Amino acid sequence: MNFRSLLWPLLIAALIFAASGLLVPSLSVLLLVFAGLLFGVFINGLADFATRHSPLSYRLAFALVVTVLLLMIGGGIYYLGAQMVQHVDELWSQLQTSLQDATERLRQYKFSKQYLPDSEQVQTLMSQQGESAVASLMGGLRSVGWAMTGAIVIFFVGAYAAYEPRLYCRGLTKLFPKERRGRVSDVLEQLRSALGRWIVGRVMSMTLVGILTAIGLWFLDVPLPITLGVVAALLTFIPNIGPLLAAVPQVLLALNVGTETAIYVIIFNLALQGIESYLITPMIQRHEVTLPPILTIAAQLWMGVIAGVIGIMMAAPLVVVLMVLIQMLYIHDRLGDSHPGELTTD
13 MNFRSLLWPL LIAALIFAAS GLLVPSLSVL LLVFAGLLFG VFINGLADFA TRHSPLSYRL
73 AFALVVTVLL LMIGGGIYYL GAQMVQHVDE LWSQLQTSLQ DATERLRQYK FSKQYLPDSE
133 QVQTLMSQQG ESAVASLMGG LRSVGWAMTG AIVIFFVGAY AAYEPRLYCR GLTKLFPKER
193 RGRVSDVLEQ LRSALGRWIV GRVMSMTLVG ILTAIGLWFL DVPLPITLGV VAALLTFIPN
253 IGPLLAAVPQ VLLALNVGTE TAIYVIIFNL ALQGIESYLI TPMIQRHEVT LPPILTIAAQ
313 LWMGVIAGVI GIMMAAPLVV VLMVLIQMLY IHDRLGDSHP GELTTD
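Convert by adding 12 to the 1-based position in the sequence shown; the result is the number in this note's numbering.
No lab work stands behind these hints: they were computed from the structure.
Predicted, not measured: the structure shown is a model, and the values here were computed from it.
C-beta atoms are modelled at their ideal positions from N, C-alpha and C, and glycine is treated no differently.
Straight line, CA to CA, 25 angstroms or less: simulated DMTMM-like cross-link-like pairs of lysine to aspartate or glutamate:
{"id": "1", "residue 1": "Lys190", "residue 2": "Glu176"}
{"id": "2", "residue 1": "Lys186", "residue 2": "Glu176"}
{"id": "3", "residue 1": "Lys186", "residue 2": "Asp198"}
Between beta-carbon pairs, the in silico distance windows are:
{"id": "4", "residue 1": "Glu272", "residue 2": "Ser69", "range": "55 to 61 angstroms"}
{"id": "5", "residue 1": "Glu201", "residue 2": "Ile309", "range": "27 to 33 angstroms"}
{"id": "6", "residue 1": "Ile279", "residue 2": "His65", "range": "39 to 45 angstroms"}
Throw the hints in and build the complete structure from the sequences for me.
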């Protein structure tokens with residue numbers, strides 16, 4: 013075997029390794045840009061609505077929408093930041109107490125004594141965690157920095173996309189042959205419509221779930237009901253998985269109040285999910301895109317493994333995009349079905 017025959021496999025292997033090393037960071041960047049485009053669809057929808065129902069031009073409506081969103085985001089960050097500053101020590105102590113109480117209650121059962129630590133071991137574990145708090149804090153600050161950077165990128169990508177959406181659509185259609193540009197424009201318009209309807213449904217569900225969560229936790233005397241309501245509303249953006257994540261801090265804080273309160277919180281969350289599934293969702297289905305649950309969960313798991321949190325958050329809208337493309341370009345154009353699916357009709 014000469015040197016040249018050995019060089020090509022080595023070069024191909026190097027390219028494969030380089031491509032695999034760049035895949036995850038590149039995918040994360042693309043998902044971040046996609047999140048920005050999704051935010052741009054949201055801004056564009058609000059500006060269009062304001063233009064149709066007022067004498068404002070699109071540019072003025074766009075400026076008004078962006079200003080209101082900035083004020084809401086700034087107010088929300090200020091409120092949550094103030095709540096965290098005021099209650100961070102209280103919250104940490106309550107979580108510690110809740111963990112110790114839960115451990116002591118479980119130790120009352122014989123089968124769990126051999127697996128659970130006693131109170132001294134819990135205290136030792138807490139002190140060890142406290143000793144490593146500096147490293148955890150630095151990691152948390154790094155994550156917060158990346159999250160803030162991602163939020164800024166999403167906001168500006170969305171703002172630029174919503175300011176001149178036709179410019180980017182025309183540029184994208186120019187990449188296709190002339191005889192296909194009309195169909196590409198139809199597909200892009202249908203994608204915008206489907207994603208817009210999905211966003212409207214998500215926002216309505218998030219608002220209702222956040223309000224109901226805050227009211228329910230307030231009646232149950234759980235600490236920080238408004239903050240937990242905001243967290244529940246934000247996590248509702250993630251279908252199927254978000255409500256489960258939102259229930260964890262609620263149950264932990266409820267354990268500090270009492271075991272019965274924690275049980276009531278669990279029952280309340282189950283009832284709330286039932287209300288959302290059988291009452292709230294049917295009420296807003298005229299706006300929201302209905303996605304197959306199995307397909308959505310599979311996409312969330314797959315994207316979570318590949319791209320982490322941003323992958324889980326963007327899995328559902330990516331499913332919307334995939335379904336529209338399949339229904340329009342394959343089922344309708346390729347197979348000739350005149351009724352390809354629900355997402356291609358308004």
